[in-house]
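Enquirer: Here is how the chains run, residue by residue.
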Amino acid sequence: MKPDAVELLRSMMLIRAFEAALMSRPDHGFQLLSAGEEAVAVGLCAALTADDQLLCSGRSIGPALARGLDPNLVMAELLGKSAGPCRGKAGRGHLSQPAAGFLGAHAVVGGNLSIAAGAALAMKLQRRPGIVACIFGDGACGAGALHETLNIAALWQLPLLLVCDNNQISVSTPRSEALAPQRLSDLAQPFGIPGATVDGMDVLAVRDAAQRFADRARSGSGPALLECVSWRFATHSTSTRDTRPAGEIEAIKARCPIKRLTAELEATGHLGRHACEQLQRDVDAAAAAALRFADAAPYPDVSEVLTDVY
Amino acid sequence: MFFREAIARALREEMQHDERVLLLGQDVGSFGGSYKELVGLHRQFGSERVRNTPVAEAAMIGVGVGAAIAGLRPVVSITYMDFLMLGLDPLVNYAAKVRYKTAGQLHAPLVVKTTAGAKRQGVAHSQCIEAWLMGVPGLKVVAAGTPADAYGLLKAALREEGPVVFVDHKRLFPTAGDVPTGEHYTPIGRAAVRRRGSDVTIATHSYMTLIAVEAATRLAAEGISCEVVDLRSLLPLDLATVCDSAARTRALLTLEEGQPACGVGAELAFRAREQLDGLRIARVGALPAPVSSNPVLEAACIPDVERVMHAVRHLLIP
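First to last, the sequence lines map onto chains A and B. Number 263 in this note's numbering belongs to position 263 of the first sequence; there are no gaps in the numbering. Number 246 in this note's numbering belongs to position 246 of the second sequence; there are no gaps in the numbering.
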């Protein structure tokens, strides 16, 4: 049963509320927030099944929650608590829970692309039903890793869905200064891989495109590249200053994917004002509960500095 | 059996035992590897499990790591160790850390097989950079000096839970030696004494083991008795075997083909000195210059028997 549009809305709202709760804490640590880009991960994950695996960049909070990880465990991991799926060792940059279909984050830009291709190769050779999806930023598109991976994925017809969350800026460098191609999905073309560019602020458009490519990969027809044009609300990271003018940020926030879907659902009568308020209360409560859970969990024992090295 | 045949035998047996083992790399297919060390594997196992790849070392190690965390046991062949530099990101930033960062949810049983050493191929096809890897927690690094160890270490590497870099050497492929007909595994982390002696311990690895043994043979004619320890495993280092020997000889010479600065010998000698007060130490490695394809300059750069003999004599001056 695919999540319906209200479920997609709830998932995006949960990510937003979760990050707001995290940022309310002075000890939030070094984070890369997904605010503004929720529709990319949520739309993609709506097209994935339990057999699939998702990898992402270090901007992992949205993808992890969209994939269905328990917000309590995610919050514990982000705050370095041993109740996290990686016992607090991974943090935001390397969060993972493979048993939940989340091979997870890797905080080297472009570093997760060939890893994802390898996981897809294993799925194909072991004739497992799943596919592998990998979210990466526009920053990775200038690196050789993407082009090497596209070539191999095409040659070997891997069940791989590459999803570029193109938030159009790498820390402070706008894509116009970093990337020559006008449409990043065109990068797939020379390899004979289908590509598409969609509005990354429109979760339904992301979901529909991802579904089409996921079905294709699942049926053995090989990889695809989906570019989702998105907008980052916050700074690159919690330790980076924002160089964008305030007016520009306000204009970006007006494109909010949550507001957009809410308005559509209200206009079509699928969501009433009361139900919308209830959704907000639900996700706020989940975020607050996640913080309480993380607070109650212990830090790892200092002896764990040497465990699981080999 | 030739060294190159020992490699093919180890891979053949492990591929027969375990269908998760696959081989990825440039020219690994019907060509049989750049040094014929993979001959017959493609014919026996087919192109699904013995895969030629594009010239893309970074992606190939990345694909190997990704396949490893997802349930396979890949061997990625990097033709020259110089090109391992292109693939260090997935090896060091991902494979070596994945078990730690996932708190054991994932592990990467990957073998990277690569060929080091000088043989007239120039500044970017000759390097021995295994010491670079010795400071990477999560990696294991082995370097065989005999056909038996090439066989046994490669088989052991394929039974590991985490990533192993298996370093062979251009000048070793055509060397011959006994390999037991029965299946065996050379334990990783255990050195081997190649020659017994009482005046000085020479600790070395890979092709330089042959140089050390020859130097020891010639020094014996001068009345100097050398014990030669073949490290076999660089990470972890078998400090116990080296120190057992050096505790008797009271003198340790380290010998490597790569750069001695921050090298295998620097690490080994420091750690041996921590355990053995008053131990006399010296190291021999390449000169601080790139390794040219020019025959005169290559020979001048890398250690040879004469330099080892000279260093031993110098170390033993009271």
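Hints should not be assumed to be uniformly reliable.
[As the list claims (entries may be wrong)] Calculated from the model, a selection of chain A residues having no Cβ within reach of chain B, i.e. all distances over 12 Å:
id	residue
1	Pro26
2	Thr49
3	Ser114
4	Lys124
5	Gly142
6	Ala145
7	Trp156
8	Glu177
9	Pro181
10	Leu204
11	Lys259
12	Pro300
[Stated by the list, open to error] Residues from chain B that face chain A, not an exhaustive set, calculated with beta carbons under 7 Å:
id	residue
13	Asp27
14	Met85
15	Pro174
[As the list claims (entries may be wrong)] A short list of chain B residues far from chain A (calculated; beta carbon distances all over 10 Å):
id	residue
16	Tyr94
17	Tyr100
18	Gly104
19	Val123
20	Ile317
Since the hints were derived computationally from the structure, they do not count as laboratory data. Given the structure is predicted, the values throughout are model-derived calculations rather than measurements. Positions of the beta carbon are idealized from the N, C-alpha and C atoms, including for glycine.
Enquirer: Does each hint hold? Answer for all of them.
Expert: Results of checking the hints against the structure:
1. For Pro26 (chain A), the condition that its CB be more than 12 Å from all CB atoms of chain B holds, with the nearest at approximately 26 Å.
2. Even its closest Cβ contact with chain B, about 16 Å, leaves Thr49 (chain A) beyond 12 Å, as expected for a residue assigned away from the interface.
3. Ser114 (chain A), annotated as away from the interface, has a beta carbon of chain B within 12 Å; the closest lies near 3 Å.
4. Not every CB of chain B lies more than 12 Å from the CB of Lys124 (chain A), the least distance being 10 Å, so the non-interface label is violated.
5. With a closest Cβ-Cβ approach of about 15 Å to chain B, Gly142 (chain A) is found to remain outside the 12 Å limit, as its non-interface label requires.
6. Not every CB of chain B is more than 12 Å from the CB of Ala145 (chain A) (nearest about 6 Å), against its label as outside the interface.
7. Non-interface status of Trp156 (chain A) relative to chain B is broken: a Cβ of that chain comes within 12 Å, the nearest being about 8 Å off.
8. Consistency note on Glu177 (chain A): stated as away from chain B, and its beta-carbon is indeed over 12 Å from all of that chain's, at 24 Å minimum.
9. The claim that Pro181 (chain A) lies off the interface holds: its Cβ sits roughly 20 Å from the closest Cβ of chain B, which is beyond the 12 Å cut-off.
10. Under the 12 Å C-beta cut-off, the non-interface status given to Leu204 (chain A) relative to chain B holds; the minimum distance is some 31 Å.
11. Consistency note on Lys259 (chain A): stated as away from chain B, and its beta-carbon is indeed over 12 Å from all of that chain's, at 36 Å minimum.
12. Look at Pro300 (chain A): its CB is around 9 Å from the nearest CB on chain B, not clear of 12 Å, so calling it non-interface is violated.
13. Using the Cβ-Cβ criterion of 7 Å, the hint placing Asp27 (chain B) at the interface with chain A is not satisfied: the shortest such distance is roughly 16 Å.
14. At its closest, the beta carbon of Met85 (chain B) sits 13 Å from a beta carbon of chain A; the interface hint therefore is violated under the 7 Å criterion.
15. Because the beta carbon of Pro174 (chain B) sits about 33 Å from the nearest beta carbon in chain A, more than 7 Å, this interface hint is broken.
16. The claim that Tyr94 (chain B) lies off the interface is violated: its Cβ sits roughly 6 Å from the closest Cβ of chain A, which falls inside the 10 Å cut-off.
17. Not every beta carbon of chain A lies more than 10 Å from that of Tyr100 (chain B), the smallest distance being close to 5 Å; the non-interface claim is violated.
18. Interface exclusion of Gly104 (chain B) from chain A breaks down, the closest Cβ pair being 5 Å apart, not more than 10 Å.
19. Listed as outside the interface, Val123 (chain B) is consistent with that label: its C-beta sits roughly 22 Å from the nearest C-beta of chain A, beyond the 10 Å cut-off.
20. Here Ile317 (chain B) stays apart from chain A, with its beta-carbon at least about 42 Å from theirs, past the 10 Å limit.
In summary, the numbered hints that this structure violates are 3, 4, 6, 7, 12, 13, 14, 15, 16, 17, 18.
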